[in-house]
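K.L.:
Input sequences plus hints: build the corresponding full structure.
These are the residues of each chain, in order.
2 protein chains.
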Amino acid sequence: MLPRVTTVADLSTPALVVDTDALARNLDTMSAALPGARLRPHVKAHKCTALAREQARRGHTHFTAATPREIVGLARAGLGDDLLLANETVDAGRLRALADCEALVTVAVDSDATVDAAAANGIRAVLIDVNVYLPRCGCAPEDAPRLADRARSAGMEVRGVMGYEGHAVLIADRAERTAKTTQSMERLARVAETVGGEIVSAGGTGTYDLNAAATEIQAGSYALMDGDYGKLGLPFRRALAIVATVIHANERWSVADCGLKAMGMDHGNPMIDDADVLFCSDEHLTFTPHGRARVGDRILVWPAHVDPTVAYHERMQLADGPGVGAQVVDSWAVDLRGWDVPANKTSTPRASTRRGK
Amino acid sequence: MLPRVTTVADLSTPALVVDTDALARNLDTMSAALPGARLRPHVKAHKCTALAREQARRGHTHFTAATPREIVGLARAGLGDDLLLANETVDAGRLRALADCEALVTVAVDSDATVDAAAANGIRAVLIDVNVYLPRCGCAPEDAPRLADRARSAGMEVRGVMGYEGHAVLIADRAERTAKTTQSMERLARVAETVGGEIVSAGGTGTYDLNAAATEIQAGSYALMDGDYGKLGLPFRRALAIVATVIHANERWSVADCGLKAMGMDHGNPMIDDADVLFCSDEHLTFTPHGRARVGDRILVWPAHVDPTVAYHERMQLADGPGVGAQVVDSWAVDLRGWDVPANKTSTPRASTRRGK
Numbered sequence: 001m002l003p004r005v006t007t008v009a010d011l012s013t014p015a016l017v018v019d020t021d022a023l024a025r026n027l028d029t030m031s032a033a034l035p036g037a038r039l040r041p042h043v044k045a046h047k048c049t050a051l052a053r054e055q056a057r058r059g060h061t062h063f064t065a066a067t068p069r070e071i072v073g074l075a076r077a078g079l080g081d082d083l084l085l086a087n088e089t090v091d092a093g094r095l096r097a098l099a100d101c102e103a104l105v106t107v108a109v110d111s112d113a114t115v116d117a118a119a120a121n122g123i124r125a126v127l128i129d130v131n132v133y134l135p136r137c138g139c140a141p142e143d144a145p146r147l148a149d150r151a152r153s154a155g156m157e158v159r160g161v162m163g164y165e166g167h168a169v170l171i172a173d174r175a176e177r178t179a180k181t182t183q184s185m186e187r188l189a190r191v192a193e194t195v196g197g198e199i200v201s202a203g204g205t206g207t208y209d210l211n212a213a214a215t216e217i218q219a220g221s222y223a224l225m226d227g228d229y230g231k232l233g234l235p236f237r238r239a240l241a242i243v244a245t246v247i248h249a250n251e252r253w254s255v256a257d258c259g260l261k262a263m264g265m266d267h268g269n270p271m272i273d274d275a276d277v278l279f280c281s282d283e284h285l286t287f288t289p290h291g292r293a294r295v296g297d298r299i300l301v302w303p304a305h306v307d308p309t310v311a312y313h314e315r316m317q318l319a320d321g322p323g324v325g326a327q328v329v330d331s332w333a334v335d336l337r338g339w340d341v342p343a344n345k346t347s348t349p350r351a352s353t354r355r356g357k
Numbered sequence: 001m002l003p004r005v006t007t008v009a010d011l012s013t014p015a016l017v018v019d020t021d022a023l024a025r026n027l028d029t030m031s032a033a034l035p036g037a038r039l040r041p042h043v044k045a046h047k048c049t050a051l052a053r054e055q056a057r058r059g060h061t062h063f064t065a066a067t068p069r070e071i072v073g074l075a076r077a078g079l080g081d082d083l084l085l086a087n088e089t090v091d092a093g094r095l096r097a098l099a100d101c102e103a104l105v106t107v108a109v110d111s112d113a114t115v116d117a118a119a120a121n122g123i124r125a126v127l128i129d130v131n132v133y134l135p136r137c138g139c140a141p142e143d144a145p146r147l148a149d150r151a152r153s154a155g156m157e158v159r160g161v162m163g164y165e166g167h168a169v170l171i172a173d174r175a176e177r178t179a180k181t182t183q184s185m186e187r188l189a190r191v192a193e194t195v196g197g198e199i200v201s202a203g204g205t206g207t208y209d210l211n212a213a214a215t216e217i218q219a220g221s222y223a224l225m226d227g228d229y230g231k232l233g234l235p236f237r238r239a240l241a242i243v244a245t246v247i248h249a250n251e252r253w254s255v256a257d258c259g260l261k262a263m264g265m266d267h268g269n270p271m272i273d274d275a276d277v278l279f280c281s282d283e284h285l286t287f288t289p290h291g292r293a294r295v296g297d298r299i300l301v302w303p304a305h306v307d308p309t310v311a312y313h314e315r316m317q318l319a320d321g322p323g324v325g326a327q328v329v330d331s332w333a334v335d336l337r338g339w340d341v342p343a344n345k346t347s348t349p350r351a352s353t354r355r356g357k
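Residue numbers (my numbering), protein chains in the order written: chain G, 1 to 357; chain W, 1 to 357.
Don't read these hints as lab results, they were simulated from the structure.
Nothing false has been slipped in among the hints.
One copy or two, it doesn't matter: identical chains are merged, so the pair holds either way.
Result set (SDA-like, lysine to any residue): computed pairs, CA atoms no more than 25 Å apart in a straight line:
1) K231 - R177
2) K231 - F279
3) K231 - G268
4) K231 - N269
5) K231 - V277
6) K231 - R174
7) K231 - A172
8) K231 - A275
P.N.:
Rendered as structure tokens:
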């Protein structure tokens with residue numbers, strides 16, 4: 001029998017740990033700034049229906065997703081009031097799965113091919129995705145009205161436009177971030193006039209309070225935060241860490257059991273308080289503590305980028321505060337990860353399992 | 001009803017695809033160089049018992065693992081002849097799970113704390129892990145005999161030593177790679193004399209043919225390969241790609257549905273044949289094809305680092321050759337990922353499900 005887990009330090013490692021105080025404050029802070037449908041939380045950052053339910057409880061019942069699997073999972077969790085796939089797909093099977101959801105599902109389209117695939121597979125509502133200077137998806141502004149007509153001719157409702165100013169969201173200088181966002185949103189607003197519909201969907205955590213043109217903001221990282229967004233001086237606190245165990249310690253360096261398979265590394269190394277991170281291996285993190293670490297010590301590792309970090313983990317553990325001494329009070333499944341849309345017949349998995357039951 | 005998948009281009013994306021011809025050649029090439037127990041394949045690179053079974057079929061029935069979950073999964077798959085946890089842990093529950101395996105399990109130790117934890121939780125055999133100049137785990141050479149005595153006094157067999165020359169395995173210049181490896185192995189051989197036992201375990205894909213001192217080589221990446229190892233001129237071919245779908249194409253760039261949650265990024269961007277990769281987002285890859293891409297095209301994305309790439313995926317699909325036109329002939333579960341050791345009572349999951357059944 002394993003001992004009953006009571007504190008973060010008792011968890012087997014590596015494990016995702018959420019500081020529920022910080023999470024609640026982040027959710028409340030955002031809800032005060034962008035109440036109700038002004039925020040369309042993006043679930044790609046946390047991939048967790050239990051966390052989405054906390055956002056819905058605060059009045060944000062419209063969600064943004066990056067994959068059909070996220071949409072289907074939200075719908076099955078009873079969170080299907082108004083779901084936006086803010087991404088393009090031409091996968092017929094997955095589009096049909098979206099069309100079959102007991103939910104209002106809207107899909108982003110930016111080309112003839114994506115409009116036609118949506119229409120052919122039963123999608124009933126779209127947004128025209130417009131390029132707003134990030135070199136990724138989104139049609140050219142002059143193409144938008146034609147695509148909207150094409151969608152309407154195919155029997156779909158065009159609810160409006162979206163455009164993601166992803167090149168702006170992490171700019172450290174607030175004035176420059178604002179300028180880039182304004183430039184992007186001026187384009188999006190012009191296109192919205194030509195497309196029609198009510199929705200102008202855009203934005204992210206880095207631009208949530210300076211994107212005035214969008215009718216709704218697609219922020220997601222604000223809930224858990226990460227090292228990169230932490231540099232912007234936003235009113236959101238880091239709420240997600242990986243608890244790790246020191247497995248080696250000598251006078252020059254120490255090693256914890258948290259590596260490349262526990263953290264997204266595209267934004268570089270994670271941070272450890274009172275220590276310098278030297279490098280990460282598959283299952284190791286070599287660091288130099290400012291004090292002396294001992295084998296068996298628990299440390300918290302703060303990932304640089306939340307989204308690809310969460311996607312490595314099956315669950316996140318909830319603690320009643322910061323630090324490794326906090327009590328573990330709940331455990332949430334990261335139930336939206338992967339890409340395969342679960343078969344229709346399977347029962348809805350329970351997202352939250354309170355410990356001790 | 002989804003159509004029956006027949007070719008790589010029919011797969012929903014992103015999906016891991018293994019070229020079975022390249023895989024078989026890689027496995028055969030390594031088996032010719034290091035037959036039988038001269039190779040102790042490291043499963044951390046593929047995390048797949050079905051692939052491990054292919055290695056065992058070629059005579060390599062002793063395996064290396066980085067996590068207790070990998071060890072327990074191998075044992076339950078009937079691959080427990082001789083399993084080495086080439087990593088330190090002080091997790092009592094997981095050590096007991098290793099001790100309870102129906103398998104010969106040997107654990108790496110490098111400190112009083114790791115020796116004591118192994119002994120206290122029923123581990124019967126250890127290797128003394130020696131630092132060979134990579135700043136990670138491994139005891140100081142002068143500590144090794146004392147740790148071996150401590151392990152023996154606690155009733156454990158000391159089967160020998162291990163040491164990983166991880167700082168050498170990716171050095172592009174072969175002469176320099178050889179020199180660093182030789183330096184590391186001279187240290188390890190000296191320590192082996194003071195420790196006793198039969199085993200000197202070391203090495204990786206980059207040093208498999210120039211590490212003459214080790215009695216067994218812990219190579220893993222050679223089976224599937226990746227962009228980084230591909231630069232070394234080794235006789236192993238790239239066998240693992242991610243098939244992705246082009247979801248946006250314009251005259252200046254294209255976008256595929258394969259991003260940061262489908263690939264380890266610690267070694268940088270992946271590669272696409274006949275294209276330049278610009279940047280990766282969570283679920284997007286922006287690239288410039290040398291020709292013109294069209295929405296719906298399938299492309300193969302070659303990851304820079306295999307280990308953290310595989311760990312993002314639930315399955316790998318097996319194709320009977322290279323390219324998106326190859327037939328999909330099988331599907332293997334990536335069944336060793338994550339860290340939680342599955343509960344004792346669950347039945348062994350089937351690792352391989354032939355399509356069409």
